[in-house]
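Chains as they are written, first to last, in the working numbering: chain A, 1 to 288; chain B, 1001 to 1615; chain C, 2001 to 2311.
It is worth saying that the hints were derived from the structure and are not from the lab. Glycine residues also receive a C-beta, built at the ideal position from the N, C-alpha and C atoms. One thing to keep in mind: the hints can contain errors.
Stated by the list, open to error - Sample of chain B residues lacking proximity to chain A, with all beta carbon distances greater than 10 angstroms (derived):
hint	residue
1	D1031
2	L1123
3	Q1159
4	D1235
5	D1254
6	R1288
7	V1297
8	D1298
9	L1373
10	P1421
11	R1479
Said to hold, decoys possible - Covered by chain B, according to a simulated footprint, are these stretches of chain C (three or more residues, beta-carbon under 8 angstroms):
hint	segment
12	2062-2074
13	2298-2307
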Amino acid sequence: MNTVPKSGVPYGAQAPKVRRRRMNVSLLLGGATIIFWLIVALVGPMVAPHAPGQVVDLDVFSPASSTLPLGSDYLGRDVLSRMLIASRFTVSIALLATLLAATVGVFCGLLAASSGWVDAIFSKLFDTLSAVPSLMFGLVVIGSLGASIPVLVGTLATVYSPGAFRTSRALARNIAVLDFVTVARARGETLPYIVLREILPNLVGPLAADFGLRFVFVTLLLSGLSFLGLGVQPPNADLGALVRENIAGLGFGAAAVLVPTFAIASLTIGMNMVIDAVSGGRRAGGRR
Amino acid sequence: MSLSGDPLVRLTGLEISVRDAQGQDKIIVRDISLEVQPGEVLALIGESGSGKTTIALSMLGYTRGACRISDGTVEVAGHRLDSLPEARLQGLRGRVVSYVAQSAAAAFNPMLPIMRQVIEPALVHGLMTREAAEDKARGLFRALALPRPDTVGDRYPHQVSGGQLQRLMAAMALITDPALVIFDEPTTALDVTTQIEVLKAFKAVVRDLGTTAVYVSHDLAVVAQIADRICVLRDGMVQEQGRVEEILFHPRQDYTRALVAAAAARVPAAPMPDLPRDAGDPPLIQMRDVVAGYGGVDAQGNPQVRILDGVSFAIERGKVLGVIGESGSGKSTLARVVAGLHAPASGRVNLDGYTLEGEIRHRDKEQLRRVQLVFQNADTALNPAVSVGEAIGRPLTFFHALRGADRKAEVARLLDLVRLPAALAGRLPGELSGGQKQRVNLARALAARPDLLLCDEVTSALDPVVAEAVLDLLIDLRRELGLAYMFITHDIGIVRAIADEVMVLYGGVPVELASHEALEGPLHHPYTRLLMASVPELRPGWLEAANSAFSCGSTPGAGHAAGCRFFQRCAVSHPGLCDVLDPAVHVGAGQTIACHRGFDGLQATPGIAQGAIPA
Amino acid sequence: MIAKRVGGALLTLFLLSLVVFAMSLLMGGDAAEAMLGQNATPEALAGLRAAMHLDQPSWQRYLGWLGGLLRGDLGVSLITKLPVSTLLAPRLLASLQLAGLTAAVSVPLALFLGILAAVRRGSLLDRVISMATIGVVSVPEFVIATLMVLIFAVRLHWLPALSSSRDFSSLHDVVRVFTMPVICLACVVMAQMIRMTRAAVCDALDSSYVEAARLKGVPPRRLVLGHALPNAIGPIVNAVALSLSVLLGGVIVIEVIFNYPGVARLMVDAVSTRDLPLIQTVAMIFSAAYLMLVTSADIVAILCNPRLRHR
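Start from the sequences and build out the full structure, keeping to the hints where you can.
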């Protein structure tokens, strides 16, 4: 079920020089993309030329011009302004949900790794949760509770906490059997000390990579939900919602639909590039 | 050095480099020139990182990972392996040169039956039919003294013991009658009693088939038995080459001398004077009839799988108990029981006369402080994310409430105590060498100011010269601090050097408990004798002379409930007695053995003359 | 051991029924009110509630529902008043056709590409495959689908934008209906499978026994097929199962975009009309399918491993 990153010796002869440079390039490129979107999410709405709901153009799907750098959308609103607000929604909701999922998952994972019966209960619980297809779970929960932002964050976090749980549990179990943990136990250290001071510091790297991966999954699911009309509700929008509402512009290649599409892709590809570079390209895909 | 004729193997000016993550080439093996004559066995010896395996693999035209042959030539049986394309090399590997790996357990494919893998070289090179190959394999199984040679091939690797797998791998290497066989540390992972059997089998086959071989090892005593010539390597360079006798008895280089000195039997340390104590004082630590294991508990309160079965001993203040046994004898569990990491099912552990609780959380801090554990593998015993100073400082804060400058000063003092510079406190374990890590590991245990150190194989993961130094440090520390040790090891030589008393464990049962003097005496439990007789000595010809009258099989006695655990391997057993009744305990001068024969009966058994410590 | 796996899966299935029922409780609302509309008399409402057992405490309703499920009685749709099984059967068949076709296309192709990338590790081919899979994994499935519609339906007019037709009178019709949804789904599924297969085969190729086999003179093809693959089967089967379970989620978006008349489409409609019996059943079917995939992967892995087989 679980794929924990492993490092290994490369097979056969190859040119590590090329490989290394490629890794650095993808780290730089991916990192720059992520930082770009973080900045956009942070300051974007403040510098937006128009209110997101304001109709500024009589023409719909108009091409880019000096007044409307990304053209107008299906109602004649400014695409740039809507993009800036949508990026903030997508990035902040995804970040919050990932943070929540990681916190719950890692906490339960560490707890499970340190006790037998807690492990049995949590494992079964999270296994059950992950058996419901993610989009279906979102469909039903949001369909019944309404698409408010807390509900969105909660749903996304619920869907992706089992993955964080499984990863941190597996990692922690591998470390918990090492001799230095045994030495600490033999010294009489308390469980919280052992978990926080001996085990956790060794998990930071792999968990960071897992966090990035989960951020990608959350972003994709959020966009999928928005595409089905279950995401951020009008007049606000996230990137997925922008694609949905402007889908009619696809036929003539309107920026209103293409820009948010590429925005989602660059965000997730950028994150994937960073993770791949950091974990040496040996990461296998997890469950989406 | 070659006497006559063309050598089978000739390396000239061989240089192997590895490309690191930054794309820089780093030379790991440089300017190696050596020859192997047909029918000769050459040993490559050196510590980890000396390049011995890398050089041996180059004789197969193979380099691992990002390594490559960057200069020089490799010539084997008339083929220039350094310049051949991969497809041609593939035709030579397994046919002209073959390979026996260090861990056969990892080198056998777990998914395929053994026979299929053993005959594969013969089949892929199209040398014989499947039937002929299988026949030949069974012949080799017999020649290698494998039990059940006709059916062992039908098994999967996980169903066969490590010593047998190692011999099966040799059969796989020999099935094509190659011109050269590379043995890469083939007995390192084995217990001594198994190692001697495997070595004997290898030697017989190499002699009978006239095989030319390159034998890679870090163990000079093992190499002395099987090689004609030795090549000593260090940091990827040849230190010295010569005939076995030359290297062992007339080493020219300082490094070779250090290596020979480390491999020679140690002079036992001067015994510690008894610490002053009242006659009525209880021993520092005392274990009484401890039974420990896994699985559910039966009607008598005993666990299903018993790892320790009725172990008793006592250690006085400042004394050293050596615990010796092979893998699976329960020696590590013994340390875990004393440390409170494994609660015994029955029996008692007393500290200064007070009974210790089975589990850590029921022991008080003072009890925990007095007993400290030191592990074998310093790589896993130190937290890679915690600095040296923090690792040593934590017990100071935990047990002695030291903080700030006081703690820093004490950390520096402890580092000095284990002969390390105080500046190391700021480093992470990853920046230290193996020997340094083990010293930090010791310093952390000493920080608690314990009365008893539980040392679990503390020197076995280290290179011989480094291990010697750590052992010397332990002996010094004991003198300086008046510490008591429980010293767990598989190496009887170390026990002789450091212990005041020795306990021999077999299958979780103490078969012998002997004082230092009694250990040097002639009479021992048959298993102790086997163990002593199995440790290779640093002289050629020992293997041939080594008496195997002590053992009649390497399969540890599993699955029989009653009687002596050693029955199935014992050469002097009484069938009908030993396999039915638990052995009686006989007490002699400074010595206790659990054997039906008793001291008188053992005196009369054959082979006792050699059973004494060979001088 | 196998019995243990199956037992574990059944336990999870039982827990799942609790989760699904709890989710449907969340939907709340009053189905009776929804059915009768605003103007219904209180008596009529009460009567309907009793008829639908809505007046019972939730645990009784759960037991009744579970019992029905076990007997094969899936209940009656609140909206259409038709038995759920009648509504579901044709939709399920359609979805299975789509999923089956996708699996048939993607599994062999993904395994081939994954193994190829692992064998040629570090080569240009490996890097191209790796980049492509990262790209596809990173893009939501609706983006791939819309791009395909844009290219093949809008620009090139090769295929219809919608796949709602159920008329399979000729091979041509089948191709027209299935090509785009299958390619979209396969893209998503394959990316995962390729990455995990590659990782599994790489691990096996890095092992000591493959090195030992190389040093026996075993040729490359036999090295991969005879030595590395048998050891990678467990992880690969697991990868296939996990990837196909991704299909269960991806199918929802794809069916909506192409207006394909499958179960997922039914589900989306049921959520918007709050048709509880329908939602519960579809959720159970999807979850059970996931469990079946994962459990059978576990069992195959056990059967393939002599260490687990010969206990």
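Cross-check of the supplied hints:
no.: 1; hint: D1031; result: 23 angstroms, holds
no.: 2; hint: L1123; result: 24 angstroms, holds
no.: 3; hint: Q1159; result: 26 angstroms, holds
no.: 4; hint: D1235; result: 22 angstroms, holds
no.: 5; hint: D1254; result: 34 angstroms, holds
no.: 6; hint: R1288; result: 21 angstroms, holds
no.: 7; hint: V1297; result: 17 angstroms, holds
no.: 8; hint: D1298; result: 22 angstroms, holds
no.: 9; hint: L1373; result: 5 angstroms, violated
no.: 10; hint: P1421; result: 22 angstroms, holds
no.: 11; hint: R1479; result: 25 angstroms, holds
no.: 12; hint: 2062-2074; result: violated (count 0)
no.: 13; hint: 2298-2307; result: holds (count 4)
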